[in-house]
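Novice: Residue numbers (this note's numbering), protein chains in the order written: chain A, 1 to 479; chain B, 1 to 485.
In case anyone wonders, no lab produced these hints; they're calculated from the structure.
Keep in mind that a hint or two might mislead.
[Said to hold, decoys possible] Restricting the straight-line Cα-Cα distance to at most 30 Å, the calculated cross-link-like pairs of lysine-lysine (DSS-like) are:
hint : chain 1 : residue 1 : chain 2 : residue 2
1    : A       : Lys-92    : A       : Lys-50
2    : A       : Lys-471   : B       : Lys-279
3    : B       : Lys-237   : A       : Lys-471
For reference, the chains in residue letters:
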Amino acid sequence: MRTAILCLLVVLLTAIGLPAAELWVGGATVDITPDQPVGLDGFRNMRIAKEAATPITATALALESREGEKSLDAAIMVSCDIIAIRAGIQDKVREKLQGRLPGVDLRKIFLNATHTHSAPVTEDGKYALPETGVMKPSVYADFMTSRIADAIVQSWQNRKPGKVGWGQGQAVIAQNRRAVYADGTAKMYGATNVPEFRCLEGYEDHNLEVLFFGDPQNRLIATAINLACPSQEVGGNAIHADFWHPVREKLRERHGKDLFVLAWTGAGGDVVSRLMYGRAADERMRKLRGHVSRLDELARRIVNGWLDAYDGARNDIRSDVMLRHVVKDIELPYRKVTEEEVAEARKEAAKYATDPKQRWNYRWNQNVVERYEAQKAGTEKPFQMELHVLRLGDVAIATNPFELYTDYGVQMKARSPAIQTFVIQLACSSGGYLATERAVRGGGYGAVIQSNRVGPEGGQRLVDCTVQTLKELWKESAK
Amino acid sequence: MKIALVCLIAFALPVGAAELWVGSATADITPNPPVPLTGNTSVRIAREIESRLTANVLALESREGDRVLDQAIMVSCDLCVIRPGIQEGFRKHLAGRLAGFDMNKLFLAATHTHQAPVIQQDRYDEKDYEDALQPKEYVPWLYQRMGEAVVKAWENRAKGAVAWGLGHAVAGHNRRVVYSDGTAKMFGNTNDPRFRGIEGYEDHGVHVLCFYDARNRLQAVAMTLATTAQAACSGNKVSANFWDSARRRIRERHGAEVCVLGFCAPAGDQTPRPQLNKKAEERMQKLRDLNHCEEVGRRVAAAFDDVAGVIAKDIRADVPFVHRVRQIELPARIITEAEYAESKKICEEIDTRKTRLKTDAWKRHFHGLVVERYLAQQKGGWKTYPMELHVMRLGDVAMATNPFELFVDYGVQIEARSPAVQTFLIQLAATGSLPAYYVPTPRAVRGGGYSAEVTHNLVGPEGAQALVDRTVAEINELWKTSAKK
Numbered sequence: 001m002r003t004a005i006l007c008l009l010v011v012l013l014t015a016i017g018l019p020a021a022e023l024w025v026g027g028a029t030v031d032i033t034p035d036q037p038v039g040l041d042g043f044r045n046m047r048i049a050k051e052a053a054t055p056i057t058a059t060a061l062a063l064e065s066r067e068g069e070k071s072l073d074a075a076i077m078v079s080c081d082i083i084a085i086r087a088g089i090q091d092k093v094r095e096k097l098q099g100r101l102p103g104v105d106l107r108k109i110f111l112n113a114t115h116t117h118s119a120p121v122t123e124d125g126k127y128a129l130p131e132t133g134v135m136k137p138s139v140y141a142d143f144m145t146s147r148i149a150d151a152i153v154q155s156w157q158n159r160k161p162g163k164v165g166w167g168q169g170q171a172v173i174a175q176n177r178r179a180v181y182a183d184g185t186a187k188m189y190g191a192t193n194v195p196e197f198r199c200l201e202g203y204e205d206h207n208l209e210v211l212f213f214g215d216p217q218n219r220l221i222a223t224a225i226n227l228a229c230p231s232q233e234v235g236g237n238a239i240h241a242d243f244w245h246p247v248r249e250k251l252r253e254r255h256g257k258d259l260f261v262l263a264w265t266g267a268g269g270d271v272v273s274r275l276m277y278g279r280a281a282d283e284r285m286r287k288l289r290g291h292v293s294r295l296d297e298l299a300r301r302i303v304n305g306w307l308d309a310y311d312g313a314r315n316d317i318r319s320d321v322m323l324r325h326v327v328k329d330i331e332l333p334y335r336k337v338t339e340e341e342v343a344e345a346r347k348e349a350a351k352y353a354t355d356p357k358q359r360w361n362y363r364w365n366q367n368v369v370e371r372y373e374a375q376k377a378g379t380e381k382p383f384q385m386e387l388h389v390l391r392l393g394d395v396a397i398a399t400n401p402f403e404l405y406t407d408y409g410v411q412m413k414a415r416s417p418a419i420q421t422f423v424i425q426l427a428c429s430s431g432g433y434l435a436t437e438r439a440v441r442g443g444g445y446g447a448v449i450q451s452n453r454v455g456p457e458g459g460q461r462l463v464d465c466t467v468q469t470l471k472e473l474w475k476e477s478a479k
Numbered sequence: 001m002k003i004a005l006v007c008l009i010a011f012a013l014p015v016g017a018a019e020l021w022v023g024s025a026t027a028d029i030t031p032n033p034p035v036p037l038t039g040n041t042s043v044r045i046a047r048e049i050e051s052r053l054t055a056n057v058l059a060l061e062s063r064e065g066d067r068v069l070d071q072a073i074m075v076s077c078d079l080c081v082i083r084p085g086i087q088e089g090f091r092k093h094l095a096g097r098l099a100g101f102d103m104n105k106l107f108l109a110a111t112h113t114h115q116a117p118v119i120q121q122d123r124y125d126e127k128d129y130e131d132a133l134q135p136k137e138y139v140p141w142l143y144q145r146m147g148e149a150v151v152k153a154w155e156n157r158a159k160g161a162v163a164w165g166l167g168h169a170v171a172g173h174n175r176r177v178v179y180s181d182g183t184a185k186m187f188g189n190t191n192d193p194r195f196r197g198i199e200g201y202e203d204h205g206v207h208v209l210c211f212y213d214a215r216n217r218l219q220a221v222a223m224t225l226a227t228t229a230q231a232a233c234s235g236n237k238v239s240a241n242f243w244d245s246a247r248r249r250i251r252e253r254h255g256a257e258v259c260v261l262g263f264c265a266p267a268g269d270q271t272p273r274p275q276l277n278k279k280a281e282e283r284m285q286k287l288r289d290l291n292h293c294e295e296v297g298r299r300v301a302a303a304f305d306d307v308a309g310v311i312a313k314d315i316r317a318d319v320p321f322v323h324r325v326r327q328i329e330l331p332a333r334i335i336t337e338a339e340y341a342e343s344k345k346i347c348e349e350i351d352t353r354k355t356r357l358k359t360d361a362w363k364r365h366f367h368g369l370v371v372e373r374y375l376a377q378q379k380g381g382w383k384t385y386p387m388e389l390h391v392m393r394l395g396d397v398a399m400a401t402n403p404f405e406l407f408v409d410y411g412v413q414i415e416a417r418s419p420a421v422q423t424f425l426i427q428l429a430a431t432g433s434l435p436a437y438y439v440p441t442p443r444a445v446r447g448g449g450y451s452a453e454v455t456h457n458l459v460g461p462e463g464a465q466a467l468v469d470r471t472v473a474e475i476n477e478l479w480k481t482s483a484k485k
C-alpha cells in the first residue's frame, strides 16, 4: 500500500511538472553592415561589394532560468547574417566579453550563421582582394565581433522575466540540390530535364520549428525560427541578408519594430531554396501575385508557416519552463583521404598554385594534400568541435558547425526525447559540408573529399553524441 | 524574312484557341453500413460512417463553333483502387447514354482512401464479409450512382473557362525508412540508432485547376498532390479521409456547389502519416483541436486558397485542349527462381493450413500471382504489362495518368522533363483488366520491404522508366502538335 502511494506521488510529481523556475529573456539586434567596400564570401570567385542592398544584422537572445535570486542556467545565442562562423570568430567575441558579463559563463554563448552568400569575408587570404579600397577581412571581423559583443551585453542586461511558447509550422523552402543520374553519379544543381535524370538524392525537412518569447503581458518580444535551409537565394555583388531580411520586415510589421528575430539554419547541407524543377510554374505564380520576387515569395511562405505555428502555440505559452544548457568539446574523425583522391587534388592544386585569382581553388585542393600528408605521417588530429545542447521546456536545441546534410538532422530529430528539436547548423565554427554515405557514393561538389573534412563516419558520431547528450539532459531533468 | 515573320507570329499566338465547355457533378457513393472496407491485409467491417464518399465528375469539351475538337470525362472516386475491370464495366454501363462522347476518353481515378468499400468480390475471403454489403452488390449500385453523375456532368456542360496554379502543402510524407544495413521498411521506426534516413524525396506541390462558368463563377476544382488519402482518422469507419475535410473547407469558402475532384499524384512511397516529428504534430493538432484527417484537409484547403485568388487573375476561355488515349506495354518485373520458390512455398502453406487466417486470401492472391507470373514468364508470357495512358494538354497544363502506386521519383522525372508550365499527374487511374500495385525505384528495390518486393510489383524500375519516357514523349508530342496548329 505504502509503495503504491509512493508510486502515485512520483507519478503526480512528474505530471505536475519539472522543477519550476522563472525564465528571464533579453534581446538585442545590432547592425553589422560594413561602411566600406568588402570582399564577399561564399563563391569560388572573388566579389567586391560596394553597397548594401539590405542591412546585415546580428541578433542576440539571452535566456536565464532563475529560482528567486539564484541563477540556474543561461544561454546567449547570436544569429548572424554571415556565411559561416569562421575559425576564431567566436573566440574573439568571447575575448571581447571578458569582464563585461559578471556571473556569465562565456562558454554558454554561441554564434550561428544564416549562410547568406552576400556578407563580408572574415578570413584574410581566402581571396586575392585588392590591397587598397577594400576593407581587409580581419578589419571587418574585428568590427563585426565588437558589434556582436555589444549585442550580447545589451541582451543580457535587458533580460526580464518572460514567457516562452513553441510551435511547429511548415514552409516549403528547401529544395534538395543534388540531382542523381542513371549512372549513379550525383551533381549539385545538375540538370533535371534530361533523360538520364533519375531523382533528387535526399529528403527535405519542411517543418518550421519556432520559439516565441513574450513579456509577462504576453507581448511578443523575440522569436527564433529554425528552418532547414540556408539563406542563399541572393547572389550578386551587394551586401544582402537574403530571405531573412524580408522575413524580419514582415514579422516586425505585424509584431512591432522591436521584435528580435533569430534565424537558425537547420541541417541543410544538401538543400537550398533554388528550384531544381518546376521553375516555370513558380515564375508564373509570382508574376500573378504581383511580380513578387523569389525572395519575397520565400519570405511569404516562412511568415505563413510562422503564423500557423504561432496560431497553435499561443494557446500554450509558459513562464515556468526548465532551461538547461550543456556545452561539450567533442572530437570527430576526419574523412580519410584515399590515394586516388590525393593524386587528383595534387594535380588540381598545381594547376591553380600560381594564379592569385584561383586562390580559392588552390586552397580547396591543397588542403586535401596537406590532410593526406598528416594522415600518412600519423600526425592528423581529430576534428574538434564545440557542441551546445539545450533543453528549454519540451524543446531541445542542438548545434553543429557543419553544412550538415538533412538526413543527419532528421536522425537527431527522430531520436530526440523532446517534443520539438531545433538543430542549428553553422554554429560556433565552420566545419564544411558533412555529406551522407549516399552522397559520397554519388560524388560531386559538396560530397567529394575537398568539400568534406568530416565524412559519414564522423556524421554518425555527431548524431549519436548529440542524441546521447539530449537523452542525458532529459534524464537528468526528470530527476 | 517573310517566312521567319510568319513562323514567329504562328508560335507567339495562343495555340489552337477554342471554346472550352465544362460540366460537373457529384455523386454520393456511400453505401449503408455494415460495409466491408478494403486496403488492408484483412477485411474490416465498418458499422459507422465518419464522412460521405463521393465521386466527382468533370466533363470537358473543346469546340470550334459546332465542331468538337476534343473531350474528356474524369471521375475522382473516394475509393481505394479502381480494381481490374471496374472502369471497363463502367464504360459498358454508360454505353449509349453520352451522346457524342468517345467512351475511351473517360477515366476513373481513386483517392486511395482505405475506408471505402471492397469492390472486388474475391479480394478477401467471402466468409469475412459477414453480414456486410457484398462487393458484387455494391458495384452495380456504384455504377448507377456514378453513371447518373457522369450523364449529368456531360449533359450540363456549357461554355466555361479554366485557370491553373501551383501551391504547396506539406501533406504527404515518404514512408520508407532506411537503416544502417541498407534495408528499408515501410513505416519503420525512426527512433532507432540504426535509422539513417528517409529513402526518397517528397513532393509537396499542389497542382490546382479551377473551372468557371460563363460568368466566371467557380464551378469545379481539380487538385492533385503526391499523397494518398490515408491520414489517421477514425479507423474502421467509412470515410473519404482528408478529402472530406478539404472539400468542406473549400466549399465553405468558395461556394457550397463547387465540385472538388481530388487526385493523387505519383505517391507510391508517400502517405500523410509522418515518420518524423510525430510528437510535435500531435501536439499542434491538439492545440488546434483537430484530428490528423482534419489537419491534412486544412493544409490542402489552405494551399487551394493560396492559389485560387491569385489564378483568378488569369482565367482563360480559349485554351487548347487535346486528349490522347494510348494503350501501351511496359516491361514487366521479371521474377527470379528464388522469388518463385518462396511464393510457391507460402501458397502451399496457406493451402494446406487447417486453421484459416483472415489475411490468407490477401496473401494467397499476391503469392499466387507471383507463381502464375513466373510460370508464364518461363513460357515467354507476362513479359509486358499493358496499360491505358491518358495524356492531355489543357492550356499550359499537361495531364497524364497511370494506374499504379508510382513512387514519387518518377513523378518528379515527368514534371522535370515536361515542356508544360505545370504537369498534373494522376496515379491510380484508368486501371485496365490487370491489377497495378506499386512501382518502386531502383533504390527502393535495393532496400526491399513491402511495396518494393516482387509480390507487389507487376512492373519494376525498368517498366517505370519506360512509362516515364513514354509519358514525356507523349506530352512533348502534344506540345509539338498543338504548337503546329
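Novice: Taking 30 Å as the top limit, are the C-alpha atoms of Lys-237/B and Lys-471/A close enough?
Specialist: violated (39 Å)
Novice: Run the distance test for Lys-471/A versus Lys-279/B: straight-line Cα separation, threshold 30 Å.
Specialist: Measuring from Cα to Cα gives roughly 16 Å; hence the hint holds.
Novice: Given the hinted pair Lys-92/A and Lys-50/A, is their alpha-carbon gap at most 30 Å?
Specialist: holds (26 Å)
Of the hints listed earlier, the one the structure fails to meet is number 3.
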